[in-house]
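**Q** Chains as they are written, first to last, in this note's numbering: chain A, 43 to 359; chain B, 55 to 153.
Quick caveat, the hints were computed from the structure, so don't treat them as lab data.
Keep in mind it's a predicted model, so treat the numbers as computed, not measured.
Warning: the hint list may mix true and false statements.
[Claimed, not checked] When the alpha-carbon atoms are kept at most 27 Å apart in a straight line, the in silico DSSO-like pairs for lysine-lysine are as follows:
(1) A:352 - B:91
(2) A:357 - B:91
(3) A:349 - B:91
(4) B:80 - A:65
(5) A:148 - A:321
(6) A:222 - A:279
(7) B:74 - B:91
(8) A:328 - A:74
(9) B:80 - B:91
(10) A:198 - B:80
(11) A:291 - A:269
(12) A:198 - B:74
(13) A:329 - A:107
(14) A:347 - B:91
(15) A:148 - A:314
(16) A:107 - A:198
(17) A:146 - A:328
(18) A:279 - A:223
(19) A:329 - A:314
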Amino acid sequence: MTVHSFQQHFDDLIDREITIEPKDWMPDDYRKTLVRQISQHAHSEIIGMLPEGNWISRAPSLRRKAVLLAKVQDEAGHGLYLYSAAETLGVSRDELYNQLHTGKAKYSSIFNYPTLTWADMGAIGWLVDGAAIMNQVPLCRASYGPYARAMVRVCKEESFHQRQGFEIMLTLSHGAEIQKKMAQDAFNRWWWPSLMMFGPPDAESPHTEQSVRWRIKRLTNDELRQKFVDVTVEQAKVLGLDVPDKDLKWNEERGHYDFGAINWEEFWNVVKGNGPCNKQRLETRKKAWEDGQWVRDAAMAYAGKRKERKMNEVKAA
Amino acid sequence: MEKQLNKSEWPLWEVFIRSKAGLDHKHAGSLHAADEKMAIENARDVYTRRMEGVSIWVVESRFIHASDPGESESLYDPASDKIYRHPTFYNLPDEVKYM
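Just need the whole structure built from these sequences, with the hints factored in.
**A** See below:
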């Protein structure tokens, strides 16, 4: 087959909604875009453990602590599913880590905000995981097999994350006045960054069209953001909390909520590395990796010795 | 650079999980581990946090050989015209039961 017919065959599979698998021919740009998208998501899961890890030792009860531990462990798992999916595209795990540690690869900007109170654990689960689910569910039907399968696994597990967050918010918002205030404060701080999680407006997202064509993005940033606003505003009513947006209004004609302007200057500033916690997050991650070097080396040395001993036993027998 | 980075990387393993007794092991994904014992322990932590399995197989990825999708046509061609291998190929009178 010529490159032209390879391309034609690939386009045909995409059009017929047939899944692309690791050994299939694929255009370089498709491969590159996927590596970037999947690894960015994996990095977000790994860095995403840090803001919540901050509260494990200070969780208000044993139940909350066990739940938070399980959630953070899930995030490690999600990172691993996604790294393996990226590796099927021919990039090594070490290279992916290297891209994260040198700042070449990005992760979701939301994790560069600090977790100041226990209510932030509720707001993150409810809003940040809620936004993530909204983003991820359509990706269970992505065109690249290993990616889609990883997303199915992630989505199955993610729903507990959002529910536990909402439960924290519900408990606080129906608790003492000071608890309700704490919940409202967390809501105020996490609402806008959560809306930014869907990425820049469609008009400023030049790759959307190609990604939708490749079925590695199924809905646009603005479509997902609107969906998120519509469902979350209703949930906030159950909590009895106020959405921190004075322009928020139901639009009868559109059948959607209109909402206020997003501060994109803040978004790009955090992406560029100037958020409240960018430096701290990356340093914590790098330190964990470097401090673990001797463990990785020791495990390899031990595995080598065991193998050698086994071979000697076989020889002696 | 890439090669040097890879030197310290733990080998890659493919993980297969039997979800319950009586079913086949099914590919679940892959992970890195220093040896087979660690691969099984990591597979438990990564792929069976919600009791998804009763048995785990791990195989170092480099030992897996796969067919080439580019040769699919010739590889599966011999089977494509032998519809007489399927029971529906045969016409039987309606009064024949249990066959």
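**Q** Against this structure, judge whether each hint is valid.
**A** Results of checking the hints against the structure:
no. : hint          : verdict
1   : A:352 - B:91  : holds, 14 Å
2   : A:357 - B:91  : holds, 22 Å
3   : A:349 - B:91  : holds, 12 Å
4   : B:80 - A:65   : holds, 19 Å
5   : A:148 - A:321 : holds, 13 Å
6   : A:222 - A:279 : holds, 14 Å
7   : B:74 - B:91   : holds, 21 Å
8   : A:328 - A:74  : holds, 25 Å
9   : B:80 - B:91   : holds, 19 Å
10  : A:198 - B:80  : holds, 18 Å
11  : A:291 - A:269 : holds, 14 Å
12  : A:198 - B:74  : holds, 19 Å
13  : A:329 - A:107 : holds, 25 Å
14  : A:347 - B:91  : holds, 14 Å
15  : A:148 - A:314 : holds, 9 Å
16  : A:107 - A:198 : holds, 21 Å
17  : A:146 - A:328 : holds, 14 Å
18  : A:279 - A:223 : holds, 15 Å
19  : A:329 - A:314 : holds, 21 Å
The structure is consistent with each of the numbered hints, conforming to all of them.
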